[in-house]
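Colleague: Letter by letter, the chains look like this.
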Amino acid sequence: MSDQGASGVDRLDRVFAEAREVNRGVLMPFVVGGHPAGTSLPDLLRALERGGAGVVEIGFPFSDPVADGGVIAAAMHEVLQTGRTVEQLLSEVRSVRSELSIGIVAMVSVSLVEKLGGAAFVRTLADAGFDGVIVPDMPLEESARYREAASRVGLGFTLLIAPTSQPSRAIEIAKASTGFVYLMARTGITGEQTQAPLISKPVAGLREAGSPPIAVGFGISSPEHVRAVVAVADAAIVGSALVRRLADSTSPAAEAEAFCRALAAGLDRS
Amino acid sequence: MATPPPPTHAATDATSPESEAPVRATMAVPDADGRFGQFGGRYVPETLIAALDQLAEVYQKASNDERFWDDLRQLEKHFTGRPTPLYRAESLSRHARKHADKKNHGATIWLKREDLAHTGAHKINNTLGQALLAKRMGKKRIIAETGAGQHGVATATACANLGLECYVYMGAEDVRRQHLNVVRMKLLGATVIPVESGSKTLKDATNEAMRDWMGSVETTHYILGSVVGPHPFPAIVRDFQSIIGRETKAQSLRHMEAMPNAIVACVGGGSNAAGIFFAFIEDHDVRLIGVEAGGRSSNAGDHAAPLTLGSPGVLHGSMSYVLQDADGQTQNVHSCSAGLDYPGVGPEHSYWKDTARVEYTVCTDDEALAAFTLLARTEGIIPALETAHAIHEAVRLAGEMPSDQHIVVNCSGRGDKDVDEAARLLGIES
Ligand SMILES: Cc1ncc(COP(=O)(O)O)c(C=O)c1O
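Residue numbers (the working numbering), protein chains in the order written: chain V, 1374 to 1643; chain W, 676 to 1105.
Source of the hints: derived by calculation from the structure; they are not laboratory data.
Glycine is no exception: its CB is placed at the ideal position from the N, C-alpha and C atoms.
There could be a bad hint or two in this list.
Said to hold, decoys possible - Pairwise CB distance ranges (calculated):
#: 1; chain 1: V; residue 1: 1517; chain 2: W; residue 2: 974; range: 34 to 44 Å
#: 2; chain 1: V; residue 1: 1518; chain 2: W; residue 2: 766; range: 38 to 48 Å
#: 3; chain 1: W; residue 1: 702; chain 2: V; residue 2: 1545; range: 28 to 38 Å
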């Protein structure tokens, strides 16, 4: 990809703009930082980029991830058992950032963000080379402080929209987000699903209101799901399906690359 | 007493300098955002916001509806057995007097007998109120978390009585420790779901209940069991429990012809304590003392005392004192008492701590077990192990107070559920 210089929300904007130009969706794989044990995060990020990821979400392992289903919760638990710290995760991202042109977004619980100083933590993410931040357990009402902090350091700031969000509220959330907004395809927790999600209505409403790019996640598990998602939205987020494969694999980096490549087959709209 | 003395245990983090006079605690909290000073709020996934808004709105409407309170008062009177007695514990007081530090010391100890409420603990006050709210919202499926099983039993009871479907999440370790209550819940028609993740105790049961709610929120009400969680739960649970303090105030004026000098309650999530404290918050001459689980020691992982040994942070939807490591990961906790074995605490308690309105202290496992036996032997009352923490502190405190003064202890629950665990810990042959 071009424009290695852009960073933060500018990089996210560039990823979406380039994909739009060639009529493709963006693939957003999710991994748990430090998982699986024994695979270096820089290696995994390189593999995901080779496989066709546009933006990678890195979940910070948290002891009490209430929005996550069994696969991701177990991966987080496993990483924490090894005694890994937030600082280790930050330094691994820092070490590989300059080699990669993909966007890197932090998915991190408000419990960790608040412990490390709230706004100060957002600055730390920017310093480590993250391009955006998602705090999945911090709703719109509590978000103003972080949003300002993110904007001061040029980080994308993504809030989530749920199927239970009222349409007017969904629009407010989209407008408060920069880089992209995260549309949850389902109520419930993360986990693989067999059916592709029904999202055309909420997506149309958001588009009309001038939303930033829309990334759809929760239960996206196959190239067919990816195809169905990017037919209307801008990006497909794949979490549990990837994390499970990595957990089961003997060569996780190769598996990550292969699975991304398979999913990326669903990105082309033409 | 003009001003309460400083807390017996200072927090680990820096306290504010004296020039920064703390604000006085008021009963006019939380604000519209669910804030008790800097504490509380709503830190939950967007999925749950609509349900929390709905709950706040329905509660607001119910609060202003005489019929709602009439229904609840009827249940409290004829089903729960309220008002619960305020019992003068003569023999326990004599014991305290004998061990007092000075000759004319040894205050009189009174027990607010929540152990006599139906199901054997204060938890029923909250579950009946919330079950009525669930009916108003048209939600027929109820979920709950439980530690000691008292909240689970109280939820199952309210659901059986009001015709609601009930699912209770309980840590596998607590299923073992509080087996009697598991059987009770099943008899009441509830489904008990053992939770095998994490430490297999109350925190993990709460995680699982929240996960369930993430997927079922449109048809399900989550009856949270303490003054914790996202707004409006801390305020709702406090309000439903505050009947304890209102009764205590009226009964004290009748029996002592004065306000009590001090009130003592154990603090897990903090609902029985908030329930008895709330009516007295603006009566600044009444000392309020919350007792946390001191466990085995004050080392990380050995206790469950976030107010005494923790620092502000976010857990389970609100900002409050919490036990976390340097990264913000929740720390392991320990208490002999399943109902206190929790790394967080209600945000209003954090507010009361920072405004110095309530003093917080700890009671160790060994002290609680001794108090458990003491109350049984002196008064013929076997308290819950949770409650025993408060009993210990009341006896200790009585010994430091003049003999013409009065202490009320919230006797939050009965100890039947704990006899197996107590026998194991005390080495009693059965
Ligand atoms: C008898 C009794 N007291 C106290 C507690 C602790 O909860 P809280 O601090 O919310 O009153 C419990 C919880 O299970 C209990 O069963």
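Colleague: Does each hint fit the structure? Answer for all of them.
Modeller: Hints and how they fare:
no., hint, result
1, V/1517 / W/974: 34 to 44 Å, "holds (38 Å)"
2, V/1518 / W/766: 38 to 48 Å, "violated (55 Å)"
3, W/702 / V/1545: 28 to 38 Å, "holds (33 Å)"
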